[in-house]
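Visitor: Residue strings, one per chain:
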Amino acid sequence: MLAEMIQRLFERSLGDGAQAEAREGRWLASLWAEIEEMGLPLALLGEEQGGFGLSAAEQGEALRLLGKLAVPLPVAETMAANRLLARAGLPLAEGPAGLARADDLAISGGRLTGRVERVAWGENLDCLALAVGDRLYRVPRSGWSLAEAGTALNFHPRPSLAIDWQADGGAPLPNNPQADGATVRAFQIAGALEAALDLTLEHTATRVQFGKPLQKNQVVQHELAKLAGELACATAAADLAAEALERGDMLGVAAGSLRAREAAGNGAAIATQMHGAIGFTREHPLHLYTTSLWTWRDEFGGQVFWATLLGRAAMAAGEEGYWPMVTEL
Amino acid sequence: MTAIPFPSPPADSDEVLALRSEFRAFLDQHLGHRSPRQRSDNWYGFSREFSRSMGQAGYLGMTWPKQYGGHERSAFERYVVVEESLAYGAPVGAHWIADRQSGPSILKFGTDEQKETILPGIAAGELAFGIGMSEPDSGSDLAATRTKAVRDGDVYRVTGTKVWTSFAHEADYVILFCRTSGTPADRHQGTSQLLVNLKDTPGLEIKPIIDLAGQHHFNEMHFEDAVVPAKNLLGGEGDGWNQVMSELAFERSGPERFLSSIELMYQMLAMLKGRSDDAALATIGRLTAQLAVLRRLSRSVAAMLQARENAGLQAAIVKDVGAVWEQTLPDFARQLIDAEPDPRTAAAYAGVLANIVHNAPSWSLRGGTREILRGIIARGLGTR
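Heads up: the sequence lines are chains L and S, in that order. Every position in the first sequence, counted from 1, becomes a number in this note's numbering once 1 is added. Every position in the second sequence, counted from 1, becomes a number in this note's numbering once 32 is added.
Extracted from the complex, chain S is given alone in its bound form:
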């Protein structure tokens, strides 16, 4: 009655296995020198240089048409690159959003000109994107968006504020979710998406939001009668809601939803060397079982997306269960190992633990809060 299908992911083909070892060698070559603490930044590390080398080696825009700089490889080949990047703690920030969701949205909804001017830059690792969805008064409630774009001849005049935009101070573009007609009371109606050039938009001001760890990832973007060319409309005017939901589907089921704290797992193993008590072995065993099953669920969603099936419910489940895993890892670490975490230390374990404890709260907020996801899952089960 309520079966929630998670089809078995295909076994790794020879191509996939070859790609995995080739890409592991690539990571060793480019990032082998980084410390555990650096690796523990995981997907919120940002390096233009690394993203360019990814692009040059053909690891970005992997599934896109060659015409737009892509490589026409399978969703599973891309999955391998993504999960190996994260498992290695690669600084993927300068291509992460663009490769995962902005590029695919442009490919799906963009004009020929937009595809030709932007996609090759993303695939080359040259163009970085941020997400332009949340606002001060509409975070989880995206349909309450206020930011307004008014058509004025060849341009839109944009006024409003977006928040939590990771790397807006570094990135080149955001896809801005905004209202092109009506009021927030109209909810899903009258919303659109605009491609906004962060480096060249008069009337746009970007201000940092420092998080509790003292990091500058988040930003506030103020648009004050900012001018965006009308040709930067992505997809149809008024189609913003459906487009943004499609964008979120790219965002919710990937391996970043359970690998954010994986460096801590490695450092736990390093610290536990020589321990042979059942408590240590059984805890590591249990965590490994949970991780292996999460990975299978996530690959299952990748299989569904490859087959163009609607996986919204499954993706929400992966993110919900995955966030619990990555967030509770520090608690298991603390049950096995006595150590005081220190955000400034050079010691691997204490430094990684500090970084993970500081950042873990955000993992059940980004990409849909735990509460929103559980609501989506419940609705998928037929409640309400």
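For reference, chain L alone in the conformation it holds in the complex:
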């Protein structure tokens, strides 16, 4: 039911014009107001916390849809930030929120200062769930200014923020916010791959070359099959990461997040190739997905961060302990 509501809202409000505005870095304020009205920022919370009390499968479906519809607002980030804030017992965000980890921030005389790199829509947020060491802080918008502008591959803003805030005590950090971020990104990647596969199936069915639809060529069919494989892997990877996050298992988050990131690159490449030149333009919607896939796969801890985290654990498990470790991911 939530999925239907999300679908309806964005199909109605998210035309080409809105997508183009977002690519210019303009905040879609009226769309955000509708998102708030629907209660989406609290969607990952239990009913007792004012959320929807969704099952894991429903949560995953909602997050995937945000990717499948290429929603150009930090909805997934806000949902994840609120869940983390709730877990830490901190007040929830009152608007769009981000989440980040920045261990080299200085705290002196209760004042938190330093730089937080590349926060999605950082200048438009209401607050930031910020991990410093083993504390989580809810930093309000008045606590930062722009340090440096930044732009993601999908042309959405990724400003770096100069934090200067008289900190309250914060709360003990429940888990690394990068894990929350990486997990929602995995779902968004799966959703965007679903859209990319749909578009590719449609294009190869309707585009006629040499007297027949592209899809009649076996070589094209095999690429479609590979794309479906990447989609399957991304979907399972996101589910795996979400279950691991629930148990506080960073290795499982790493595994799921990594495989989804890999699928993002592999899938985007196949979808673009199968579209021919039109997939390389802004005239066709595929670019909304490919540029987002290339964006999301490098955020909330990069490939090297997560891969070395998991690799180090595997090396420590060694040849005897490796398989038992895999069965627990």
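Hints in this document: simulated from the structure, not taken from any laboratory. Careful, some of the hints might be misleading.
What the hints assert, rightly or not - Pair ranges (Cβ atoms, derived): (1) Arg248/L <-> His65/S: 34 to 42 Å; (2) Ala175/S <-> Lys217/L: 18 to 26 Å; (3) Gln274/L <-> Ala311/S: 25 to 33 Å; (4) Gly26/L <-> Ala311/S: 34 to 42 Å; (5) Asn342/S <-> Met6/L: 29 to 37 Å; (6) Ala378/S <-> Ala172/L: 54 to 62 Å; (7) Gln367/S <-> Gln274/L: 21 to 29 Å; (8) Pro393/S <-> Glu5/L: 46 to 54 Å; (9) Met6/L <-> Arg178/S: 54 to 62 Å; (10) Arg9/L <-> Gln338/S: 31 to 39 Å; (11) Ser308/S <-> Gly26/L: 38 to 46 Å; (12) Lys217/L <-> Ala378/S: 48 to 56 Å; (13) Glu5/L <-> His201/S: 56 to 64 Å.
Note that the Cβ used here is the ideal one computed from N, Cα and C, for glycine as well.
Got chain L sorted already, so can you dock chain S onto it with the hints?
Guide: Then chain S, alone, in the frame of chain L:
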């Protein structure tokens, strides 16, 4: 529009967790002495003795009714035994085909007499099966099968040739896919399955096919007016195609579709001990992530099969993606570790690498070639 559902597999129950540790202890006890090179033979190792001990301990025919020697356990409990066997490199060849596909086919399509005479033997680890599908002129194109079985009173007279039959020289039975009426032009029509006793079928000759690694796993089976009792017809005469497709579904999504080279992963970890460079850590991390997700997909298919859902498309995806993982592992190993593989060495790493490089090409051929699988997946997506 094109969602391909892979339902989340259930979390391991207490029974499943207990079974896993109990079975790991069983493997240690029976196979702890084997070398890495031996373990790297994985599912193409063959040991009657080990299969009998599996049977005696209740690890075969696990999901079948007790009436036929089974143990009435869940598909997930069986999955645990299968994946732990493979992860340990257990020599499962003498029960592998029988437990995975022949037994389930007999249970599904067989007569009471067939079930009573054969299933308990499989569950005891006494009866080994081979697969009787491919022919010299019909490998991927199974519907072009030529092997003919002509009814003659109480028997079928069988003439034709089957190839790539693993362990036909050791096994007791094959389920033979053959034509009981018409010609290869009739494709799916007129095909049937016969239970053929490999030890006692006059007119059957079995010849080895040596593979590129010098191993004798494959065989050619020549049937020259061979006599098979009519009561050995499995299922309905003419129903062969549907039955053989159902048999293939058992064959395509299991953990053997990505664990064939797992011993190489262990030996890589042994060789990389002490390495802390990002290249090594990140490669191992990536491979582990891919493996964990494959395992989840495969368990997801097991959940669908348990719920009696059609998982043909999902199974093809698991096998396609899984074969890429197990086949490309040697390439990742070679990027991290300099070593010359040697098929005769006693050194663990060089020997395992040699065995894996030699055998890896077959993993995207068996059980449906990569090309066939990708065609199945594409059709599942609505193309053609």
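Visitor: Would you mind marking each hint as holding or not holding in the structure?
Guide: A quick look at each hint next to the structure:
1. Between Arg248/L and His65/S the beta carbons are some 36 Å apart, a value that agrees with the proposed interval 34 to 42 Å.
2. At about 21 Å, the beta-carbon gap between Ala175/S and Lys217/L stays in the expected band of 18 to 26 Å.
3. Evaluation of the 25 to 33 Å hint for Gln274/L and Ala311/S yields a pass: the beta carbon distance comes to about 28 Å.
4. The supplied range of 34 to 42 Å is met by Gly26/L and Ala311/S, whose beta-carbon atoms lie about 37 Å from each other.
5. In this structure the hint that Asn342/S and Met6/L lie 29 to 37 Å apart at CB holds, the actual value being about 31 Å.
6. Evaluation of the 54 to 62 Å hint for Ala378/S and Ala172/L yields a pass: the beta carbon distance comes to about 58 Å.
7. Take Gln367/S and Gln274/L: their Cβ atoms lie about 25 Å apart, and the range 21 to 29 Å holds.
8. A hinted range of 46 to 54 Å for the beta carbons of Pro393/S and Glu5/L is consistent with their spacing of about 48 Å.
9. Between Met6/L and Arg178/S the CB atoms are about 58 Å apart, so this pair conforms to the stated range of 54 to 62 Å.
10. Against the hinted window of 31 to 39 Å, the Cβ-Cβ separation of Arg9/L and Gln338/S comes to about 35 Å, which satisfies the hint.
11. Between Ser308/S and Gly26/L the C-beta distance comes to about 41 Å, which sits within the given range of 38 to 46 Å.
12. Under the hint 48 to 56 Å, the C-beta atoms of Lys217/L and Ala378/S, about 54 Å apart, fit the expected range.
13. For Glu5/L and His201/S, the hinted distance range of 56 to 64 Å is satisfied, since their beta carbons lie about 60 Å from each other.
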